[in-house]
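A.B. asks: Sequence:
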Amino acid sequence: MNLCETEVVVFSDGYRLLINQINRSESQGRQVGAMKTKFLTWAGIIALVIFAALYGIELFGHAGRPATVAWVQEHFGRGGLIGLNLVVMIAFLALLPYRRSTKGTWKSQGAFIAFVLALVTEMFGWPLLIFLLSPLFEVPSLREWAHQHLGHAGPFLGTLLSFLGLTLIAWGWIQIHQAKELVTHGIYRFIRHPQYTGMFLFTLGWLLHWPTVTMLVLWPVLMAAYVWLALREEREVAAEFGEAYAQYAAKTPRFFPRLWPA
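The working numbering numbers the first residue of the sequence shown as 1 and each following residue consecutively.
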């Protein structure tokens, strides 16, 4: 074997080693990505279960102030409650920028798992959970004021809005989560973003049912984040579907249906 042939063999072996290393790296990357996705999914499910359990205890376990508020105020006073609310607000704002796309992953999942995964990674799910849990750490003055001036009307209206919001979220998600074409039928015939409209109504209902200073401050921030997310998604969908989406957007409102024909 001459020098030229030797160089070719060495180069060929080196190339194969490089390709094998790249393939191994890609395989390891996919495994790590799958583990992260599984972790985020289960973390989201566990968080939702804990959230439901805490509110079940608060709704049916006792009357009066939330047990968390009573415990913190008893051991740390009003200053402890104020400090805890500041921690809640800081955690909310710190988690708000976290968002990464997992669309290629949740598209292959069932409706519930796909929703949980999309919620915690793409739809500001962690800040949303902090927002929903914040009444458990609230200085009770605003709640007392609301009850004094609104009576049971606030919780009643809040419950109706929350159920309507959840219905829109579920309806929109079932239609779109595995769709391969532009969805313009069903609820999407009337509005382009039923899930975000559902989020608006659900969180507004929650605010009316559990009125707190922290929620009053965080709600417009969360709503601005969902509007930004909707606008960003519109740009992505417009790039994918082109003129078809432009025609659909021209005749279909973004968040709330028209009360009369255009």
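These are computed hints drawn from the structure, not numbers from a lab. By construction, the Cβ of each residue, glycine as well, lies at the ideal position given by its N, Cα and C atoms. Heads up, a few of these hints could be off.
[Said to hold, decoys possible] Here are the simulated lysine to aspartate or glutamate pairs, DMTMM-like style, with alpha carbons at most 20 Å apart: (1) LYS180 <-> GLU233; (2) LYS251 <-> GLU181; (3) LYS251 <-> GLU234; (4) LYS180 <-> GLU236; (5) LYS180 <-> GLU122; (6) LYS251 <-> GLU233; (7) LYS180 <-> GLU144.
[Said to hold, decoys possible] Pair by pair, the computed Cβ-Cβ distance ranges are: (8) HIS152 <-> ALA244: 16 to 24 Å; (9) PHE190 <-> PHE163: 15 to 23 Å; (10) LEU157 <-> ARG258: 20 to 28 Å; (11) LEU259 <-> MET35: 34 to 42 Å.
A.B. asks: Could you tell me which of the numbered hints above are not met by this structure, giving the numbers in increasing order?
C.D. replies: Those not satisfied are hints 7, 8, 11.
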